[in-house]
Each structure stands twice: as C-alpha cells, then as structure tokens.
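**Q** Residue-level listing of the chains:
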Amino acid sequence: MGEMLVGIYVFVLATLAGREVITKVPPTLHTPLMSGANAISGISIVGALVVSAQVNEGLAQWLGGLAIALAMINVVGGFMVTDRMLEMFKKR
Amino acid sequence: MNLSMAVEISYLFSSVLFVIGLKRLQSPATARGGNQLAALAMLVAIVATLLNNQIVDPTAILIGMAVGTLLGGTAARMVQMTEMPELVGIFNGFGGAASALVAAAELLRLDSVGVTSPLGEGISIVLSCLIGTVTFSGSFVAFGKLKGLISGNPITFPLQKTLNAGLFLGLLLLGGSIMGLFQVGALNTLTTFSIFTAVALALGILLVIPIGGADMPVVISLLNSYSGLAASAAGFVIGSNVLIISGALVGASGLILTLIMCKAMNRSLGNVAFGAFGGESTSAAKGDDSDKIARSVDPEGAAMILAYAQSVVIVPGYGLAVAQAQHELRKVADNLEERGIDVKYAIHPVAGRMPGHMNVLLAEADVPYDKLFDLDEINDDFDRTDVVLVVGANDVVNPEAHNPQSVIAGMPILDVDKAKSVIVMKRSLSTGFAGIDNPLFYMNHTSMLFGDAKEAMNDLVREVREA
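Protein chains in written order, with my numbering: chain A, -1 to 90; chain B, -2 to 464.
Next comes chain A alone, as it looks inside the complex (with noise of 0.2 Å):
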C-alpha cells in the first residue's frame, strides 16, 4: 500500500500544479492547450510498451500492440495538429 500513497501524493501534487498552470492559458489558446493535452494524455503508450515489453503470447501481446498504435496515434496527431494551429497564430 506504500507506493500505491507515494502515487496519489504524485498525483494530487501534479494535479495542483496543472490547475495553476493552466489556469492561467488565455481562452484564445484553449483549443491548441485541449489537443495538446491529447496528445500528453498519450503518455499511456509509456505504459503500453512496458507491458508488451513483457509478454509474448497471443491476447495480451496484441492487446498491448493495439494500446500502443491507439496512443501513438495521439501523440504523434496530437503534437503535430497542435504545431499545425499555433503556427497560424501570429501577432499584427
């Protein structure tokens, strides 16, 4: 139970940090912050390569290949499409 209460400490810690962080994106970047937060949100492919790592058999394999496709489709549209709206912003 020890490192499952130094993960919710992690947690609630980066979670306050996000909250005054992100408080202070003005509205006019909130669509590029929401995809961008899409794409970090694909942090899970972190995961999903850990577990494939481990395992050769059948199911869990091509689960683990199928969690990985799914987040890198995140990251890699996410970062990029975000790149795509923020180089249209420009000042006068």
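If you're looking for bench data, these hints aren't it; they were derived computationally from the structure. Note that the structure is predicted; figures quoted are calculated from it, not measured. One thing to keep in mind: the hints can contain errors.
[Said to hold, decoys possible] List time: in silico EDC-like cross-link candidates among lysine to aspartate or glutamate, alpha-carbon distance up to 16 Å:
#1 B:K415 to B:D383
#2 A:K22 to B:E374
#3 B:K417 to B:D377
#4 A:K88 to B:E361
#5 A:K88 to B:D367
[To be verified] If you want the footprint, here are the derived chain A segments under chain B, 3+ residues with CB under 8 Å:
#6 18 to 29
#7 34 to 40
#8 46 to 53
#9 75 to 82
Yeah, the Cβ is synthetic: ideal placement off N, Cα and C, and Gly gets one too.
With chain A fixed as given, assemble chain B onto it according to the hints.
**A** Just chain B now, kept in the frame of chain A:
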C-alpha cells in the same frame, strides 16, 4: 549509475518538460515552442522506456508504433480547422482506450503467471479499465453527435437515470470481485473482467446520449479530463510516476476547461450531464414578435454605417464558421482598417464548438491574435464603440440574459446593445440554441443584414471597398 537509474531520471526530466511546455502555452508568442517541448518530453519518455525493457518479442510493438504514427500524422495533416472538435473528441477516445488496454494486458499477464497481487494493483487495474472504457465509448458517441452521425438532440428514455445508477452499482460489484479474485491469486478473472468492460462500455454510451449537441463543448472538455485520469490510473497499474504526473496535468486541464465552458453557458456540470438541454426540447416563449419590427439593411447600407465609424467591434459566432466566411470577414476588417478605423474582435467563450475554437478559425484567416478580445476584456468597451458587427451569433449577444425572468438569465453575454449602432448578419430572425427570441434584433439602433454569412460577407467586402 545503472541503466534503470538513468531511465528514472529521464522520466523525471520528461515530467518537468511537460509542465514547462504547458506553462509556455500561457502566451501565444511562446506556445509553439511549449508544444514542441512537450513533444520532446514524450520522445524522451518513449526512448527511455524502449531502452529500459528487455523486449521479448518486438513484432507487436513495431507494428503498433508504425500504424499509430501513420494514422495520427495523416489525421493531423488532413483535418479541417472547423473539424477540430471531432478530432479532439476521437483522440480523447483513443487515449482512454489505450489506458484501458494497458490495464487489460497487465491483467492477462498476471492471470497467465498466476501470482497474487496486492490490493493496490487490483484497484488500479479496475479503475484504469473503468475510466478508460467510459472515456472511449463516451467519446465515440460525442464524435457521432458532432459529426451528425447520431442525432444532436438529447436522446432520453424512461428510467434512464435508474439504469445508469444500476450499471454503476454493477460495476462496483464486478470491480470488487475482480479485486477479491486478485487477492487470493485465483486464475480466471478474465470472464468477470470481460463483463466489467462490457458494462463500462454501455455506461459510457448511456452517459453521453442524453446530452444535446449544443453542450458538446462541455462534454469533450470533460472527456479530455477523463482521458488524462485514465492515463494516471494506468500509471498506478505499472507503477510509473511519469504517467501519473502527465495524466494528472491533462485531468486538471480538461476539468478547468469544463468549468469555464459551464460558466460561459450559465449551467452547472450536473445540469449539463442530466439536464437533457440543448435540443428543441425548450419550447419556451417564442415571443410575440408580431408587433415588433426588425429594421433590415442591404449590404450597401451596412457598408456605409461601417465605413463612417471610428471604432468597430466584430462579434463572430458559429454561423460564421459554418459558412466558412472567416476569410471574407478579414477582408472587410482589412478594408476598414485601411480607412483608419479601429477594428477589434470580441470572442465569447462558446462562439465555436469547443473552447477557443473561434480563435483558431480566425487565426487560420490570418487575423492577428492581439485583436481578439474575450468577454471580460471587451465588455466595458461597447458603450464607447460606434458599430458592432455581429456575424452568425445569437444567444451570446441576447440582452435577455440580464432579465431575471428569462431562461438564459445570468448567462454571461457580450453587451453589444450598448454600442451606438449594431449590424446583425444572420439568415433569419430565428432563435438560437436557447430557443428564445432576441430583443436585440428589434432595437432602434440595430440593423439586420439578412443572408448567408459567406454571400452577405462577399457583398459587404465589395460595398465597403466602394463606400
């Protein structure tokens, strides 16, 4: 320093870069760099993970990465800016599904090894699967509604809330028994787990179908938050802090955007989730507009009003984006500016179909971001503004919001009626999502320029040039 130590430090480095990257989104000038920093953080995390693990069989990993990169890259390049809500919606779903699959794959692995697992891991697997699956199926319903594949009207049926509550209770029981099976190290948690996943899929669908199309900005913001929470839960499953931190950041971001959207629509989160509002259900006072006369103006007349103003504020609404008229709008604004007129844009938080959507659409039309002002920044300026040009917006400029009797009472609006004159470009006098009449259209200083936003805007470009 051994390899696993170096990998842990890389994860810490990634986590820090994610926070700094998000911090740079606080200004449009640094935002692009911030996003690239976050992408670098992701690359570091992926490379560190690949180096750290003894990969038994790389086939599935390589195929997964290649397919994901190809599909994600194609989607990012092809998507129209008007379709951003759909893209974000479907990405939320993929993120949720990936986290749920991580939990499922880990469960399968534990099941095949047959080890007893601590309670903590059982809880994490169940939570990760639950949040991830609900996010997945809910996001696909939201995507269908945005895309028009499923009716945008709220879909309701008797005992809907009772059914949802029943499903939730069932999930608690099933989740509890999965944890129990883990505790004793029993094999064959699979059947229970499959039923659990199926029920979670159904719950995700049932939670989103009663929500109307107009409320989708709230829903995709909330699902965005869930996709982050699912990633955090997956972090607990594999004991990885970088997942917990990144997921928490996304969870916080989605929740903040959800609350901003709720406030802009004057609704509580509970009201959005259970209110089944946003379709034609509100048959509220259509108003007796028989005795009221709206003054109509032709493009030439509107151009005259605009050309002889000193300050103009443009209020774009979703009608503008639907008609794809943002480029023509910019031409009108450019022309006015060449005459030395001060032109600004007032953006209501729900002007587009997701938070900040209208700003992206205008940025695409090369409107500089320092001319875009949000509600709080510009509302005090309207009484000093000569002309307001409202394009395809309705509820967000309805002064009825200040009338305590109205169904939209208290909704934050742009007080355009305070300007010296108002031009409203709109197809007809029809009502907006709230289904109520807009007194602004009948005011003495308001002129209605009827027509499709793109055609009317083209006429206006020509007339302003000649004026």
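**Q** So, for every hint listed, does it hold in this structure?
**A** Going through the hints against the structure:
| no. | hint | in the structure |
| --- | --- | --- |
| 1 | B:K415 to B:D383 | holds, 10 Å |
| 2 | A:K22 to B:E374 | holds, 15 Å |
| 3 | B:K417 to B:D377 | holds, 14 Å |
| 4 | A:K88 to B:E361 | holds, 10 Å |
| 5 | A:K88 to B:D367 | holds, 8 Å |
| 6 | 18 to 29 | holds (count 11) |
| 7 | 34 to 40 | holds (count 7) |
| 8 | 46 to 53 | holds (count 8) |
| 9 | 75 to 82 | holds (count 8) |
The structure fails none of the hints (numbered hints given earlier).
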